[in-house]
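Q: The primary structure of each chain is shown beneath.
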Amino acid sequence: LADTDELLMRKVARGDLAAFRLLMERWEGAAKRYAYRSFGDYQSAEDAAQETFIRLFRSASRYEPTAKFSTYFYTVLGNLCRDRARAAKRRAGHGEQVEDVFVLDETVAAPEGLSPEPRVETEEERLLVREAVSELPEKLREALSLREFEGLSYLEIAAVMQANLGEVKTWIHRGRKRLAHRLRRLAGPEERRESRP
Amino acid sequence: VNHPCPRFEPELSAYLDGETSAALAAEIDEHLRGCDACRAAVAQLRDVSRTLRRWDAHETRYAASTGFRNRVFAKVGADGVAPRSDVVWRIAAAAALVAVGAGGFALVVPRLRPDEHAQYEALAEEVGALKAALREPRAAAPGRASDPFVQETTPLARPEPLGRVVAAPDSADAPPAPQPVAEIWEQRGDERFLREALPEHDTYTRERRILALEEQAQKMQAALAGKQGRETSAPAAPPSPLATFLGELRVAETNFSPYEQVQVWPIELVGPRSADRSRAVPCADAIAQEILAVTEGASRESVVAVNNDAKRSVLVLAGDVLAGGKQDRVAREDVLVAPGQRLSIPTYTCGRERERTSYVTFRHSDGLATPDLRAMVAADQALLSGGVGQDQFDDAVSRTVKALASTSRLGSLDNLYSNPQLSDAAERLMKKFEKRLEGPSVVGFAFAAGSQILGVDVFGDHATFVDHRARVLRSYVMAAIAMDRPEGVPPARSVVADVVAAAPKSAFHADAASGSGTLSVFRGADGGAFGFGILDTTRVVHAVLFTSVPAGVDATAARGGRRNPGDVTPPLDGGGHGSGSSSRGNSGEGGGVEAK
Numbered sequence: 001l002a003d004t005d006e007l008l009m010r011k012v013a014r015g016d017l018a019a020f021r022l023l024m025e026r027w028e029g030a031a032k033r034y035a036y037r038s039f040g041d042y043q044s045a046e047d048a049a050q051e052t053f054i055r056l057f058r059s060a061s062r063y064e065p066t067a068k069f070s071t072y073f074y075t076v077l078g079n080l081c082r083d084r085a086r087a088a089k090r091r092a093g094h095g096e097q098v099e100d101v102f103v104l105d106e107t108v109a110a111p112e113g114l115s116p117e118p119r120v121e122t123e124e125e126r127l128l129v130r131e132a133v134s135e136l137p138e139k140l141r142e143a144l145s146l147r148e149f150e151g152l153s154y155l156e157i158a159a160v161m162q163a164n165l166g167e168v169k170t171w172i173h174r175g176r177k178r179l180a181h182r183l184r185r186l187a188g189p190e191e192r193r194e195s196r197p
Numbered sequence: 001v002n003h004p005c006p007r008f009e010p011e012l013s014a015y016l017d018g019e020t021s022a023a024l025a026a027e028i029d030e031h032l033r034g035c036d037a038c039r040a041a042v043a044q045l046r047d048v049s050r051t052l053r054r055w056d057a058h059e060t061r062y063a064a065s066t067g068f069r070n071r072v073f074a075k076v077g078a079d080g081v082a083p084r085s086d087v088v089w090r091i092a093a094a095a096a097l098v099a100v101g102a103g104g105f106a107l108v109v110p111r112l113r114p115d116e117h118a119q120y121e122a123l124a125e126e127v128g129a130l131k132a133a134l135r136e137p138r139a140a141a142p143g144r145a146s147d148p149f150v151q152e153t154t155p156l157a158r159p160e161p162l163g164r165v166v167a168a169p170d171s172a173d174a175p176p177a178p179q180p181v182a183e184i185w186e187q188r189g190d191e192r193f194l195r196e197a198l199p200e201h202d203t204y205t206r207e208r209r210i211l212a213l214e215e216q217a218q219k220m221q222a223a224l225a226g227k228q229g230r231e232t233s234a235p236a237a238p239p240s241p242l243a244t245f246l247g248e249l250r251v252a253e254t255n256f257s258p259y260e261q262v263q264v265w266p267i268e269l270v271g272p273r274s275a276d277r278s279r280a281v282p283c284a285d286a287i288a289q290e291i292l293a294v295t296e297g298a299s300r301e302s303v304v305a306v307n308n309d310a311k312r313s314v315l316v317l318a319g320d321v322l323a324g325g326k327q328d329r330v331a332r333e334d335v336l337v338a339p340g341q342r343l344s345i346p347t348y349t350c351g352r353e354r355e356r357t358s359y360v361t362f363r364h365s366d367g368l369a370t371p372d373l374r375a376m377v378a379a380d381q382a383l384l385s386g387g388v389g390q391d392q393f394d395d396a397v398s399r400t401v402k403a404l405a406s407t408s409r410l411g412s413l414d415n416l417y418s419n420p421q422l423s424d425a426a427e428r429l430m431k432k433f434e435k436r437l438e439g440p441s442v443v444g445f446a447f448a449a450g451s452q453i454l455g456v457d458v459f460g461d462h463a464t465f466v467d468h469r470a471r472v473l474r475s476y477v478m479a480a481i482a483m484d485r486p487e488g489v490p491p492a493r494s495v496v497a498d499v500v501a502a503a504p505k506s507a508f509h510a511d512a513a514s515g516s517g518t519l520s521v522f523r524g525a526d527g528g529a530f531g532f533g534i535l536d537t538t539r540v541v542h543a544v545l546f547t548s549v550p551a552g553v554d555a556t557a558a559r560g561g562r563r564n565p566g567d568v569t570p571p572l573d574g575g576g577h578g579s580g581s582s583s584r585g586n587s588g589e590g591g592g593v594e595a596k
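Residue numbers (my numbering), protein chains in the order written: chain L, 1 to 197; chain G, 1 to 596.
Because the hints were derived from the structure by calculation, they are not lab data.
Calculated from the model, a selection of chain G residues having no Cβ within reach of chain L, i.e. all distances over 12 Å:
hint, residue
1, E434
2, R493
3, A525
4, D536
5, R539
Okay, derived cross-link-like pairs now, DSS-like style, lysine-lysine, Cα gap no bigger than 27 Å in a straight line:
hint, chain 1, residue 1, chain 2, residue 2
6, L, K11, G, K311
7, G, K431, G, K402
8, L, K139, L, K68
9, L, K139, L, K89
10, G, K311, L, K68
11, L, K68, G, K75
12, L, K11, G, K75
Every value quoted in this text rests on a predicted model; they were computed, and no experiment measured them. The beta-carbon is built from N, C-alpha and C at its ideal position, and this holds for glycine as well.
Please put together the full structure from these sequences, using the hints given.
A: See the structure below:
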């Protein structure tokens with residue numbers, strides 16, 4: 001039977017390197033994907049993923065298996081990515097940006113009929129989604145990412161983001177609505193599927 | 001324009017995610033039945049959700065890599081190198097040391113006991129020689145006796161007694177890039193790369209070099225130790241395990257009637273059966289689950305595959321379509337990739353080159369090429385001729401693509417599997433046939449469209465078959481659809497039974513290593529039927545039989561062993577893109593290579 005992540009983490013705390021390797025094998029992809037979504041470039045994603053595992057290793061002895069490992073993992077990873085993104089922003093001279101999470105709210109207008117499902121088949125369409133996602137305010141993007149891409153429950157997301165359930169619910173909902181607004185262009189006729197490169 | 005009701009609107013995402021209370025969910029259910037605006041809003045939210053997930057699957061498929069883990073271990077100051085075969089690892093480490101000079105990257109030097117230093121130094125020297133050999137194509141041939149590499153290794157020849165990080169200034173340690181850059185291109189040699197893809201490209205280039213070194217080292221070892229081994233693999237072999245396996249196959253006693261002139265017969269395995277457990281993860285699943293990482297190889301003729309799983313083998317079938325990289329590929333032979341193994345897989349390209357991209361990763365594998373193409377690849381690689389070659393394969397691909405999807409001018413086989421109309425047609429046929437193939441002793445099937453038997457595909461046991469069933473069946477169904485109205489009526493069961501019964505009486509040829517498995521090929525006594533099987537030691541994992549040589553394949557050409565038995569693994573060329581894989585015996589220029 002495979003060890004659970006929580007058990008592996010306890011073994012890591014006792015200095016079990018094989019357990020650490022196994023843990024990395026399991027979570028490396030998730031770490032890089034998450035970080036890539038935060039930064040949008042491979043190098044920074046790789047760096048952040050690496051740093052996350054180093055922090056996990058060093059903090060293993062402090063890890064209490066009361067929460068799920070995934071929650072702990074995304075907390076460490078999320079903090080790191082946020083810190084780095086802010087540092088990068090400061091370096092780029094933008095200064096701290098006030099988040100507009102609670103300011104903007106487009107109401108979703110219902111289309112006349114059911115629109116065809118949006119497509120993400122071509123490079124162009126993927127670029128559009130990428131842009132739309134990267135333009136989301138940080139909290140919206142993070143909550144939505146954890147939900148859609150990592151499959152976390154609202155409760156887990158709240159733990160990771162150190163927020164309450166109501167906030168998580170709002171962020172996810174607003175994130176989806178904004179994207180719906182941005183991605184309306186994607187909904188196209190069926191033939192577009194053929195134009196995949 | 002209708003707006004969703006303010007009372008429910010804020011709850012709709014949570015409702016979609018199953019994150020509302022049961023009472024509220026019931027209330028919303030009830031409300032949606034009567035409210036068009038809210039229903040549309042839910043549909044829209046669901047679309048966003050789906051779009052995101054699909055986009056993500058395309059966008060951020062990262063392969064796990066040992067390079068990454070080693071870098072983390074280096075930083076935490078631990079020697080976490082996986083217990084590989086000792087010598088191979090040391091060679092890799094030495095090769096990595098060597099590469100530091102040129103590429104500059106970090107790697108953990110394995111702990112060495114004092115008495116291992118001499119051994120290590122000898123190894124470093126060996127790698128130096130290997131690297132010199134690797135450079136040979138570029139260097140002028142006469143001057144190679146003097147080793148130009150010695151100077152480069154000297155500063156690194158003596159490692160510290162304990163594990164120590166050897167880190168050249170590593171770009172991975174630099175702080176994150178200050179701003180997201182749009183599209184910045186950089187020139188590397190004679191190719192242009194997107195800057196953000198460069199690190200990935202460099203890593204893969206380095207890994208490929210090390211792989212080439214490893215393989216050369218293995219070959220050297222084989223050359224040293226394996227002179228007697230060569231004699232044991234002489235033609236006068238005991239009965240092939242593949243022949244024995246084929247002898248235990250029976251066409252099931254059924255009376256299914258054909259459907260739209262297509263007929264599928266279940267094939268059962270009789271006689272003593274080994275434990276029924278799945279032997280290998282199908283290529284597509286392995287890529288989707290990030291068990292198998294596939295990247296561009298040294299040339300268009302191969303890809304590099306790494307099995308990142310600790311336990312499961314991966315089976316790549318001849319004909320598996322690998323989508324991604326600069327150009328989609330089709331695997332040219334069955335390859336069994338053992339846990340942790342990294343190797344090269346021979347391929348043809350099967351799609352248009354992606355311009356302005358520097359992708360090196362193959363992100364998914366939707367399908368398996370149709371049986372005519374698989375037969376072509378099999379004939380090419382296995383035993384019949386010097387190879388159909390890329391051009392002829394391209395023609396065959398475009399014929400198939402044209403027959404199946406006239407609207408598509410893109411030429412990649414991958415498009416066939418993402419075409420919704422085709423998929424629907426295929427699903428409909430598959431539903432008819434899949435039910436027949438469920439019996440516990442069924443390990444494969446024979447497939448006929450019209451009067452033509454397209455092929456017989458069998459696996460080592462039922463569990464392995466079940467894993468691969470849908471994919472393999474779909475490839476046949478696609479072929480049947482491409483034939484539009486197949487001519488003639490499907491043959492009787494007895495005809496198929498004869499074909500299967502004749503298989504073990506074929507001429508079996510010298511086995512060759514393919515990944516961790518062994519590829520065994522055969523040709524029917526009458527010269528028409530042929531096929532191959534991939535074996536895990538002596539156990540058959542997958543075998544396929546085609547009843548006739550595909551049109552265009554020169555069946556009269558050499559039919560010797562498919563490659564030099566001394567070639568333990570398909571070697572990789574250490575050069576850059578397009579340098580060509582010079583070491584593959586029959587990749588297009590010559591005839592089947594006879595054993596020396």
